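**Q** With chain P held as given, fit chain B onto it using these hints.
In order, the protein sequences belong to chains P and B. By the numbering used here, the letter at position 99 of the first sequence is numbered 106, and the numbering carries on one by one without gaps. By the numbering used here, the letter at position 29 of the second sequence is numbered 113, and the numbering carries on one by one without gaps.
These are computed hints drawn from the structure, not numbers from a lab. Computed from a predicted structure; not experimentally measured. One should not assume that every hint holds.
What the hints assert, rightly or not - A short list of chain B residues far from chain P (calculated; beta carbon distances all over 12 Å):
1. Pro91
2. Val95
3. Thr104
4. Lys106
5. Glu148
6. Glu150
7. Lys153
Claimed, not checked - Straight line, CA to CA, 25 Å or less: simulated SDA-like cross-link-like pairs of lysine to any residue:
8. B:Lys106 <-> P:Gly49
9. B:Lys186 <-> P:Ala74
10. B:Lys133 <-> P:Ile12
11. B:Lys186 <-> P:Asn58
12. B:Lys194 <-> P:Arg16
13. B:Lys186 <-> P:Pro68
14. B:Lys186 <-> P:Met76
15. P:Lys31 <-> P:Thr83
16. B:Lys186 <-> P:Glu115
17. B:Lys186 <-> P:Val96
18. B:Lys133 <-> P:Gly35
19. B:Lys186 <-> P:Ser103
20. B:Lys186 <-> P:Asp63
21. B:Lys186 <-> P:Asn78
22. P:Lys31 <-> B:Phe130
23. B:Lys106 <-> P:Thr108
24. B:Lys186 <-> P:Ser73
We put the CB at the ideal spot given by N, CA and C, even for glycine.
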Amino acid sequence: DAGVIQSPRHEVTEMGQEVTLRCKPISGHNSLFWYRQTMMRGLELLIYFNNNVPIDDSGMPEDRFSAKMPNASFSTLKIQPSEPRDSAVYFCASSSQAGPTGELFFGEGSRLTVL
Amino acid sequence: AQSVAQPEDQVNVAEGNPLTVKCTYSVSGNPYLFWYVQYPNRGLQFLLKYITGDNLVKGSYGFEAEFNKSQTSFHLKKPSALVSDSALYFCAVRASSGGYQKVTFGTGTKLQVIP
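Next comes chain P alone, as it looks inside the complex (with noise of 0.2 Å):
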C-alpha cells in the first residue's frame, strides 16, 4: 500500500501566488481530511471530506482557501492569494469508512513557505 501521496513535498512562493496541494488518499477509504500544523497553533482541521463531500469546513480560515475532492482518488487544497501567514505544513488524511473508530492515515505533509 502507497499510503496517502502528498506533492509537492516543499513549496516556496511570494505573496500574492496561487498555491495548490494535492492529496492522493488510500484506496478504499472514504473519508479525507485536511489539517495545518504551525509551531504556534498546532495541528488544526481545514476541512473533512466523507464520500468526496465536504462535511465540515468551519476550520478553513477565509474564503482564500478552497478545497476540492472531485473523485475518491484526488484532492486539491488550493490558497488564493496566498499570505506570509500561510506558512506552515499543511497534511491530508484518509480514514476508512469505519465510522469514529477508524484510524487516520496522513501523509507526509506538503511545507508551504510563503516571502
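**A** Then chain B, alone, in the frame of chain P:
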C-alpha cells in the same frame, strides 16, 4: 464541545526507564481515543486506539495506553524507553455519538529519550 489536554509540552526520560505521556479528554458520551507519533519532517503515524473493552490497549513499537473513565485519562506508556522513541506524540479523541464525529487532537508532547 470535546477537548484533549496534554499537560506536558516535553517529557524527558533516560533510555531504559519507563515512560509516560499524559492525556486527559472531555467528550459527550463514550470516547474513542487514539495516540499518534510524529517524527521530524514526517506525517503523524497511528500508534494505538481505545474503542471498547479492555482498558489496557497495546499498540505499535511496544507502546501501550490505559483508559481510565473515572479520571477521563488515556496515558501512553512504555516499560523501557529507546532513544528512537524520541518524537512528538499526539493524543486524539472522537465522540461515539452524533452523525459527524470530529477528531480533536491535543497540542502534542515532545518526548526526549536521553542516552
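**Q** A separate judgement is required for each hint: does it hold in the structure or not?
**A** A quick look at each hint next to the structure:
1. With a least beta-carbon separation of about 14 Å from chain P, Pro91 (chain B) lies farther than 12 Å from that chain, consistent with its non-interface assignment.
2. The non-interface label for Val95 (chain B) is consistent with chain P: the shortest C-beta to C-beta separation is roughly 17 Å, beyond 12 Å.
3. Even its closest Cβ contact with chain P, about 21 Å, leaves Thr104 (chain B) beyond 12 Å, as expected for a residue assigned away from the interface.
4. Under the 12 Å C-beta cut-off, the non-interface status given to Lys106 (chain B) relative to chain P holds; the minimum distance is some 17 Å.
5. With a minimum CB-CB distance of about 16 Å to chain P, Glu148 (chain B) clears the 12 Å threshold, and the non-interface call stands.
6. At roughly 18 Å from the closest C-beta of chain P, the C-beta of Glu150 (chain B) stays outside 12 Å, upholding its exclusion from the interface.
7. No Cβ of chain P comes within 12 Å of the Cβ of Lys153 (chain B); the nearest lies about 17 Å off, and the non-interface call holds.
8. Proposed proximity of Lys106 (chain B) and Gly49 (chain P) is supported: the alpha carbons are some 17 Å apart, at most 25 Å.
9. Of the supplied pair hints, the one linking Lys186 (chain B) and Ala74 (chain P) holds, its CA atoms being roughly 18 Å apart against a limit of 25 Å.
10. As the CA atoms of Lys133 (chain B) and Ile12 (chain P) are separated by approximately 24 Å, the hinted pair is consistent with the 25 Å bound.
11. For a cut-off of 25 Å, the pair hint linking Lys186 (chain B) to Asn58 (chain P) stands: about 16 Å separates their Cα positions.
12. Note on Lys194 (chain B) and Arg16 (chain P): the hinted pairing holds, with a Cα-Cα distance of about 23 Å set against a maximum of 25 Å.
13. Distance restraint check for Lys186 (chain B) and Pro68 (chain P): the Cα-Cα separation of roughly 17 Å lies within the 25 Å cut-off, and the hinted pair is therefore satisfied.
14. Taking the CA atoms of Lys186 (chain B) and Met76 (chain P), the gap is about 19 Å. The hint holds against a cut of 25 Å.
15. With a CA separation close to 9 Å, the supplied pair Lys31 (chain P) and Thr83 (chain P) stays within the 25 Å bound.
16. Straight-line distance between C-alpha atoms of Lys186 (chain B) and Glu115 (chain P) comes to about 22 Å, which keeps the hinted pair within the 25 Å bound.
17. A threshold of 25 Å between alpha carbons decides the hint, and for Lys186 (chain B) with Val96 (chain P) the separation of about 21 Å falls inside it, so the pair holds.
18. With a C-alpha separation of about 21 Å, the suggested pairing of Lys133 (chain B) with Gly35 (chain P) holds against the 25 Å cut-off.
19. For a cut-off of 25 Å, the pair hint linking Lys186 (chain B) to Ser103 (chain P) stands: about 15 Å separates their Cα positions.
20. The hinted pair formed by Lys186 (chain B) and Asp63 (chain P) meets the criterion: a straight-line CA distance of about 9 Å does not exceed 25 Å.
21. The suggested pairing of Lys186 (chain B) with Asn78 (chain P) holds, with an alpha-carbon distance near 22 Å, which does not exceed 25 Å.
22. This hinted pair checks out: Lys31 (chain P) and Phe130 (chain B) have alpha carbons roughly 18 Å apart, not beyond 25 Å.
23. Pair hint Lys106 (chain B) plus Thr108 (chain P) holds up; C-alpha atoms about 21 Å apart against a cutoff of 25 Å.
24. With a C-alpha separation of about 20 Å, the suggested pairing of Lys186 (chain B) with Ser73 (chain P) holds against the 25 Å cut-off.
Against the hints set out earlier in the document, no violation occurs for any number.
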